[in-house]
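J.: One-letter residues, chain by chain:
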Amino acid sequence: MRRNQGFVRALRPGQALRRRVIEKFSIEHLQILDENGNCDDELRPLLNDKEIQRLYEWMILARTLDERAFKLQREGRLRTYPSLLGQEAVQVGSAFALEQSDWTFPSYREAGASIVRSFPLRMIYQYWAGDERGSWTPQNQNNFPITIPVGTHIPIAVGAAWAAKAKGDPIAVLVYFGDGATSKGDFHEGLNFAGVFSLPVVFLCQNNQWAISVPLSRQTAAQTLAQKAIAYGFAGLQVDGNDVLAVYQATKEALERARSGKGPTLIECVTYRMGDHTTADDATRYRTQGEVEQWRKKDPIERFRKYMEKRGLWDKPYGQKILTEAKEQVDTAVKEHESIPPPDPRDIFRYTFQDLSHDLTKQMETFLKAMGNGNDKE
Amino acid sequence: MRRNQGFVRALRPGQALRRRVIEKFSIEHLQILDENGNCDDELRPLLNDKEIQRLYEWMILARTLDERAFKLQREGRLRTYPSLLGQEAVQVGSAFALEQSDWTFPSYREAGASIVRSFPLRMIYQYWAGDERGSWTPQNQNNFPITIPVGTHIPIAVGAAWAAKAKGDPIAVLVYFGDGATSKGDFHEGLNFAGVFSLPVVFLCQNNQWAISVPLSRQTAAQTLAQKAIAYGFAGLQVDGNDVLAVYQATKEALERARSGKGPTLIECVTYRMGDHTTADDATRYRTQGEVEQWRKKDPIERFRKYMEKRGLWDKPYGQKILTEAKEQVDTAVKEHESIPPPDPRDIFRYTFQDLSHDLTKQMETFLKAMGNGNDKE
Amino acid sequence: MPLTIVEAVNLALRQEMEKDPNLVILGEDVGKSGGVFRATQGLLEQFGEIRVVDTPLSESAIVGVAIGMAVYGLRPVAEIQFMGFFYGAMEQLVSQAARIRTRSRGRYHCPIVVRVPYGGGIHAPEHHSESMEAFFVHTPGLKVVVPSTPYQAKGLLISSIRDPDPVIFMEPKKVYRATREEVPEEDYSIPLGQARVVLDGSDITLIAWGAMLQPTLHAAKLAQEKGIHPEVIDLCTLYPLDTETIIESVKRTKRAVVVHEAPRTCGLGAELIARINEEALLYLEAPVERVTGFDTVMPLPKMEHYYLPDTKSVVSAINRVMEF
Amino acid sequence: MPLTIVEAVNLALRQEMEKDPNLVILGEDVGKSGGVFRATQGLLEQFGEIRVVDTPLSESAIVGVAIGMAVYGLRPVAEIQFMGFFYGAMEQLVSQAARIRTRSRGRYHCPIVVRVPYGGGIHAPEHHSESMEAFFVHTPGLKVVVPSTPYQAKGLLISSIRDPDPVIFMEPKKVYRATREEVPEEDYSIPLGQARVVLDGSDITLIAWGAMLQPTLHAAKLAQEKGIHPEVIDLCTLYPLDTETIIESVKRTKRAVVVHEAPRTCGLGAELIARINEEALLYLEAPVERVTGFDTVMPLPKMEHYYLPDTKSVVSAINRVMEF
Ligand SMILES: Cc1ncc(C[n+]2csc(CCOP(=O)(O)OP(=O)(O)O)c2C)c(N)n1
Ligand SMILES: Cc1ncc(C[n+]2csc(CCOP(=O)(O)OP(=O)(O)O)c2C)c(N)n1
Ligand SMILES: [Mg+2]
Ligand SMILES: [Mg+2]
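Residue numbers (the working numbering), protein chains in the order written: chain A, 1 to 378; chain B, 1 to 378; chain C, 1 to 324; chain D, 1 to 324.
Treat the hints loosely; a few may be bogus.
Stated by the list, open to error - For the chain A half of the interface with chain D, some residues (derived, Cβ under 7 Å), not all of them: (1) Arg-77; (2) Thr-80; (3) Gly-130.
To be verified - Restraint ranges, calculated between C-beta atoms of paired labels, are given here: (4) Gly-227(D) - Gly-227(C): 46 to 52 Å; (5) Phe-324(D) - Arg-177(C): 46 to 52 Å; (6) Pro-21(D) - Gln-329(B): 39 to 45 Å.
Bear in mind the hints are in silico, worked out from the structure with no lab data behind them. Note that the Cβ used here is the ideal one computed from N, Cα and C, for glycine as well.
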């Protein structure tokens, strides 16, 4: 067995007594669907045909919404937007495993997860068009707004899990982040805290191999990201992130462990960022087309489609129908979004505190007066 | 073999194919001297009799200096002071393994290590008496001043290691910190960085079981602190921190690995803080006398003395002589320290930048004038 | 009963915890040991481990976890052991706590209190004497409160706990036990955002807060003996600032001195002068003086008395302004 | 040759790296991709992986490691990708970098430069538009530099790199590519701590820095058409402040306006007003005006133009002050 490297050499026979192995750990990898859509039936999650199709339909919708966002940005109708292309399985599979009462803390790349959490498509466009109203969470939902400062939402998710446990609510918290986030101090402080108090939280790392232009090899010398859980004394698992069934199964299991008081789990989903980091990035500057092509072969949707076809759950007409419906939903969302009247400048001040402070009232009035005096900067 | 807990249950036979173990790790514990001073000769480091005695003499000096510091504080001749009592073996054993060209980055509890690094005893008292001149490092030494914000010196030590590697200097960096420090974001960012660039640095954790009143069980859910190295892809080892030979041997080995390009090592030294956190603390508020007594049996100096006696390297006269010499050294150091004239108030301004800024010159002159005008606050 | 500031803080915490089951306390050493200054003494015993939490040594997580608790519906009161260790929690505070209401357009808010002992003068080690209020005041979305007496401490802490937005509650550790004052058992609160006039006067306005109030008052008394009648204002809340009270006073006295421990440049004193300049310039008969720390690191005990404003330095500032 | 600010930064880095083998660059995406704004483009290719380091996503370690490199004898130039992500590095900056010379009594010092694009107006996502200079200026032991033009950028960056103490080099990303200006190939440096008078005038002093210089200058030109002659000062170095130049000017013009993007309260504008109050009060014929961001979070693109000072808001401030 492979020893923790380095001290192997130092081990000579007859040292058993005072130089001994005191802890052993192992990290597992889970794949249920291989790249050709062949399924390991031993592991297949208990999903009925309709649910299988829902997974597919969410992934198609996620990709459609994402492609449109990209187009809109290029047409100047959205600001900088981070594409989820290639990560549909991680996002849909994990979100599909959640109960509505569970909480999610997304980073900025999880449009695919939010729609499964029934966050309005319209508002996704609204947010990326530069309108704060797009990060308002509908009342019946337990989703925290997206977080841009990488990793800073992790301790917050842990705090929510702490509160849920203290209140005895039978829910779990799911927090999304990337491979780059695992290098941040907040990742460490958050996971460590969750371990110490054995909190109902699932840490879902979308290891898409890149942090803008920085490859995984520059984020860590560890063989896997899943093994970071060992540092915190809880379970870690690596999953094929382009296998929607594996992601679903692992997340489901981790959420159940969380809800039943078995503590946190770190799930590393191995996937790939097929697009540029954001619409403001150009990935050809730092990675090869060859690498991208290798991953295209592992496309999460195509793989799942093959599986469904084998099971008789997919045929051309069905595929066509789903695609058309997705396009329609996205069209409607874009229309709705673009017909929303511009935000009220007063909103800049209104939400700083529950009640406007004296200073803010004064600043707002001066500002509105200036606008009135033809000093409106628009 | 003990699996990464949690997913064990999920493993059913016949799942080998898609659910497989991809990584295995183990953590070792090293002890060379048992609590009765019996030595595992297979592991005994290559130290001659004189060196064995030096280790003992340094430990006696460390303890003597520490006991005096405590007394001086109680007499109001020192400010708050953090005792190293019980941690003599970790500090002396590790520092003894260093070459003079190596660098150390202490936290605040390593008076025992600094004296081995030939830091003047006098200045240790000076610093804890509240005089910055006590944190000036003698020119020929590569010791960074002590750091009080827990863990913040870790990335700095890593930066020094980075520079040494870049310059091709054949040296290693040793950074000291406690069990509490392992919960800080800077611990994570620093160790991760060192792993990614395979830097010549040794992370020495003095796990003394307590962070002020917070026990180890509140710092981590991990079975050992050594296993945190797994998260960073480098070697981690747990050592009996009250066994000066084990600490010396592990540190020596890790330093050699560092100097020969084999990268970082995390060494967890299991020891105990026999005293209060500092002279401002009262440990009886949060821990039992019973626990303290258990650890007194493992006293690092007494254990080593027994070993030396067995080897004929210790007898009463020798022990007496060493103790007397230590007391004399400490007496001299205290005298020297207390005969140092008070610091020059100008020093408050002088070291902010290489050259006094216009503002600071003005502030200093105003201040000196005020003092002159009988407004001297002394 | 007569209490010290630290006892008043403890009383406020206990009484609010009795009232509000959602109030939880978290921080380093707040439980078993009752806090390094004993501010949380007895709370673990009374309320148990779920409501009084000794945390790992993780400033960023202490504030971050508190934010998550608040978003979920609890009322966390976090403690950062010393202000010098707050820097590690700045990102959580500025990028998350202070913005949640704004960025979620009111859907979520963040009713946390972060208690933190601040300031110098207790001969503490390095990094234990910071006074970084200007950082917080400059950060949109935070309220900043500093009591100067036991009575103020209880009333202001209760208001801070009940406030729906994030509050930094700075505790002047130099005077934690300096004086005892009658503090009612009964529930009372002191509204945030209001300064108080501690001494009425007509010749010059002295503005201070926290531990600087005592030397300032003392200097005022000495000035009175010389026939100068200073008005002394205790800010109590540093943000939102009670500009009105300050301006009203300065318009009457036409002179002012601001006293704070923090480094001079870009300290809160500068903002107070800016507001006086904006609203009372024509009333001024002398430049507003600042008595502050230097633009240097706070020295270690042997020299910290040189650094901190004290009665003498306030007195000479008063004289300079009066003689201008 | 005519360069933009970002090209001038790149040129300064390249030339200093050619001169000084101890100069290393580290940060997120500074290597292979040449920086998200291309400020470090081509440096990895020319100087290799040991001198141009793509780091993990760890702001605290980026600054902390740079400190260690500097203490060991290198000259690190670290990049924090956007100022909004600087908070995570505050503890390293304030508790370590800014204090090393003081606490080691000169035995060690910390010649690091931290480059950081700051400010709004590029329709960036949340947290990408911060302007937190007041935090740095309030921290003893740091120098703070902000270029406003390509020529200034090269000369000031070279001085910052050669400076023996920690320097925060704030790059106004809004004008990174706004204008081209002749920037000499030759080695030249612009001393830190000196403001420059960009426009001579006699009626009012306008003080700005970085991206705010352009709207301020533009407003000044418009004022000239109305017969008002503003003097415009570009601070260049925010700490140490060139108080002399400011005071000398205000004493002549008797009026002043300060312009900055950062929130108003406790911004650097307050400090400038405090210094004018201290040294030129009796010369003032009107309150010094502040044209600043609001005490709110910088809005997202749809509304950020409401937040940022611009020509119109500076013009109306000039009018208010002149008509006072
Ligand atoms: C604290 C912080 N530092 C830097 C950035 C700039 N930035 C935005 S995304 C990103 C890379 C994040 O990589 P990863 O965590 O893998 O997530 P991914 O973008 O791949 O989904 C960086 C450096 C940021 N947003 N926050
Ligand atoms: C960042 C930071 N937070 C809090 C403190 C206050 N404090 C001083 S020592 C200490 C405990 C440190 O425990 P550990 O790391 O185990 O070292 P030990 O004191 O046991 O040697 C704490 C909380 C500090 N110095 N720095
Ligand atoms: Mg990534
Ligand atoms: Mg400890």
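J.: Would you pick out the hints that fail for this structure and give their numbers low to high?
T.: 1
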